[in-house]
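Novice: Just need the whole structure built from these sequences, with the hints factored in.
2 protein chains.
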Amino acid sequence: MLPKLYIDLDAVAHNYELCKNFAPSAQVAAVVKDNAYGLGAREVAQKLYRDKNCRRFFVAYASEGAEIRPVTPDADIYLLNGFDTTDIDLIKQFNLAPVLSSIDQFEKWQQSGISNIKPALQVESGLHRLGVSYEEASALSDAQREQFGLILSHLACADEEQNPFNEHQKQELMRYKSLFPNALFSLSASDGLGLGADFHFDVVRAGAFMYGLKTCPPLNDKQKQVVCAEVSVLQSKQLQTGDTIGYNQTFTAKRPTRILALSVGYADGMLRTLSNKGSVFFKYNGNWVKAPIVGRVSMDIILCDITDLPKEIETAPKAFILNDVYTLDDMGRDAGTIGYEVLSLICNSRRWQKEYIG
Amino acid sequence: MLPKLYIDLDAVAHNYELCKNFAPSAQVAAVVKDNAYGLGAREVAQKLYRDKNCRRFFVAYASEGAEIRPVTPDADIYLLNGFDTTDIDLIKQFNLAPVLSSIDQFEKWQQSGISNIKPALQVESGLHRLGVSYEEASALSDAQREQFGLILSHLACADEEQNPFNEHQKQELMRYKSLFPNALFSLSASDGLGLGADFHFDVVRAGAFMYGLKTCPPLNDKQKQVVCAEVSVLQSKQLQTGDTIGYNQTFTAKRPTRILALSVGYADGMLRTLSNKGSVFFKYNGNWVKAPIVGRVSMDIILCDITDLPKEIETAPKAFILNDVYTLDDMGRDAGTIGYEVLSLICNSRRWQKEYIG
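Just so you know, the protein sequences line up as chains G and U, in that order.
For reference, each letter of the first sequence is one residue, going 6 to 363 in this note's numbering.
For reference, each letter of the second sequence is one residue, going 6 to 363 in this note's numbering.
Please note that the accuracy of each hint is not assured.
Claimed, not checked - Facing chain G, according to a computed beta carbon distance under 8 angstroms, are these residues of chain U, among others: (1) 6; (2) 92; (3) 133; (4) 134; (5) 240; (6) 242; (7) 252; (8) 253; (9) 266; (10) 277; (11) 304; (12) 350.
Everything labelled a hint here was simulated from the structure, so no lab data went into it.
None of these values were measured; they are calculated from a predicted model.
C-beta atoms are modelled at their ideal positions from N, C-alpha and C, and glycine is treated no differently.
Specialist: In structure tokens, the structure reads:
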């Protein structure tokens with residue numbers, strides 16, 4: 006009766022293909038950090054390597070790179086959060102390329118004595134998170150700059166298509182071109198993809214879009230959903246008018262009300278901000294019917310109001326908190342956050358049993 | 006450079022002892038569901054079984070019960086989320102007692118033919134989440150009612166000491182006493198403990214308080230913190246007045262500003278609502294110094310403003326997002342939620358390396 010995640014790897018591959026076709030002048034790398042945002046880094050990387058010939062992957066940490074190396078034998082694997090000295094053994098053993106983001110990191114890299122791996126360099130273009138400045142990059146020698154195989158930066162406002170800061174960042178990145186004439190350049194992740202071909206540079210880093218987040222308006226209609234999340238129904242209960250529900254009595258029945266208790270909660274990554282806001286779904290005659298979450302989301306249980314649903318739902322054994330009509334983005338909106346956080350928290354929670362399709 | 010959790014099992018045992026001394030007329034059971042709220046169910050259960058003679062444990066699912074059975078050989082283990090037929094093998098093999106919450110579940114239990122395990126029964130006292138009503142319990146035969154070893158209910162507003170609903174729920178539970186004259190009774194979890202001895206009944210279910218949440222005002226001063234969370238510093242960066250930081254430019258430097266990028270984010274359970282709200286800490290001359298989080302919390306990185314801190318912090322290799330002065334409750338407040346959610350999301354996130362003390 007543990008909650009269950011159905012993960013459609015064919016849909017991931019389909020979405021990856023959409024990105025490739027949309028950015029024909031660039032290579033499309035797959036971002037599989039954070040265990041492929043919870044979906045399973047090995048499974049996703051293997052699928053894209055085998056079926057889609059993907060040969061470039063981004064993770065955050067060396068241990069994440071080591072995890073996918075067995076299924077991506079000759080691919081380039083980059084470590085977005087750089088490295089420290091404790092990572093050097095993994096880096097050597099699994100041939101991982103750190104993304105260096107500061108002169109400090111570059112100096113540590115030189116001290117490591119590794120010469121057969123070309124690191125990437127993150128450069129500042131306006132996000133002010135990680136990356137060396139133009140002045141710092143200029144101060145490196147030609148020989149030092151030639152060590153880098155990939156120059157990378159990251160957009161701050163790619164989800165705001167009209168924001169002029171996108172163009173500003175693109176122009177900033179262009180300045181580095183003359184410093185690194187032989188390196189590949191990369192600016193856009195999933196949400197930069199839709200900004201146009203001049204944002205694609207040499208390498209687009211696809212993550213969120215592949216996993217079903219609607220980050221790319223020109224492609225959102227063709228995208229397939231990847232995640233479906235099924236939970237057990239624990240109990241059906243009839244309430245009287247005036248009865249209160251759940252912690253701190255945040256919901257009061259305004260009429261005779263039928264509720265179901267479902268076996269899922271914030272321990273499973275279902276954010277507590279969904280209290281009295283989110284929805285759950287049931288299968289009924291081949292369609293989805295929807296019930297509102299009532300009362301507080303608690304650690305292992307949520308409650309929903311099925312008073313207006315067909316009588317048969319009272320005995321439904323299963324409910325769905327994510328499906329093809331209520332997506333990660335929908336839950337993110339209802340929870341007051343973004344689909345990325347929902348995806349990462351739910352899919353990395355410990356209890357979900359994962360079943361892969363494709 | 007993965008983020009690191011220090012988990013003080015001696016502090017857990019100390020906090021458990023505080024509960025025991027505060028509820029001398031009751032047994033204190035340990036709630037270790039959800040992997041002991043992320044801290045490690047096996048480690049916590051073993052500590053309490055060995056060092057504190059704890060012989061009663063609550064988990065949510067059968068698989069969680071199976072996980073702690075090897076370290077709690079002769080203890081009673083209860084399954085708060087009940088059972089379904091797929092759990093029966095685990096229940097038999099590991100001698101687990103489901104908490105039945107509906108007549109449906111009771112009928113399924115009888116059909117299972119298991120006779121050597123005494124289940125618990127959850128009864129309705131006002132939370133309206135799980136539990137049979139007084140009328141349903143009354144309709145059972147004497148022989149059926151005698152099958153239950155423990156009668157359990159749960160408070161809705163235990164964190165609101167003055168709420169009369171607490172007394173109402175206690176009185177409701179008392180009504181069931183005559184129906185189950187030989188069973189143990191349990192009403193209070195960690196937050197009901199402080200409401201007074203008449204809320205303790207036979208079994209108090211201690212969870213959150215043991216793990217460092219301040220749920221029991223009479224004991225909060227004596228409680229020890231359990232979790233300390235350390236993350237790597239990725240980069241130090243100097244900003245100019247007017248520079249914006251992070252996704253969607255939600256923070257603008259109003260003066261020359263020194264920021265540090267830290268290797269942790271919402272993929273590690275650090276809620277995105279901490280954007281521009283939370284704090285991080287550094288060790289300096291044996292004390293803690295504090296820096297505000299600036300800009301959006303992103304998936305793997307957060308930024309903090311160290312402009313007002315001693316110069317040496319610029320080269321600090323590590324920062325702390327939870328410690329003994331900035332607790333789970335503090336982070337919960339800053340994130341607009343409760344410490345329970347913070348504890349469960351952070352400690353169950355996949356990347357944290359756990360180091361146990363005690």
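Novice: Residue 240(U) was flagged as interface toward chain G. Is the shortest Cβ-Cβ separation under 8 angstroms?
Specialist: holds, 5 angstroms
Novice: Any CB of chain G closer than 8 angstroms to the CB of residue 252(U)?
Specialist: For residue 252(U), the interface hint holds, since the closest Cβ of chain G sits about 6 angstroms away, which is under 8 angstroms.
Novice: Given a cut of 8 angstroms on the nearest C-beta pair, is the interface hint for residue 350(U) held or broken against chain G?
Specialist: holds, 6 angstroms
Novice: Given residue 253(U) was flagged as interface, is its beta-carbon under 8 angstroms from a beta-carbon of chain G?
Specialist: holds, 6 angstroms
Novice: Are residue 92(U) and chain G close enough, Cβ to Cβ, to be under 8 angstroms, as the hint says?
Specialist: holds, 6 angstroms
Novice: Let me know if the C-beta of residue 266(U) comes in closer than 8 angstroms to any C-beta of chain G, holds or violated.
Specialist: This interface hint holds because 5 angstroms falls under the 8 angstroms limit.
Novice: Using the nearest Cβ pair, does residue 277(U) come within less than 8 angstroms of chain G?
Specialist: holds, 5 angstroms
Novice: Against chain G, is residue 133(U) within 8 angstroms by beta-carbon distance?
Specialist: holds, 5 angstroms
Novice: Hold the hint about residue 134(U) up to the distance rule: shortest CB distance to chain G must be less than 8 angstroms.
Specialist: At about 6 angstroms, which falls below the 8 angstroms cut-off, the nearest Cβ of chain G leaves the hint on residue 134(U) intact, so it holds.
Novice: Let me know if the C-beta of residue 6(U) comes in closer than 8 angstroms to any C-beta of chain G, holds or violated.
Specialist: Since the shortest Cβ distance to chain G is 4 angstroms, the answer is holds.
Novice: Was the hint right that residue 304(U) lines chain G, CB cutoff 8 angstroms?
Specialist: Interface hint status for residue 304(U): holds (6 angstroms vs cutoff 8 angstroms).
Novice: Any CB of chain G closer than 8 angstroms to the CB of residue 242(U)?
Specialist: Since chain G brings a Cβ to about 7 angstroms from residue 242(U), closer than 8 angstroms, the hint holds.
Of the hints listed earlier, there is not a single one the structure fails to meet.
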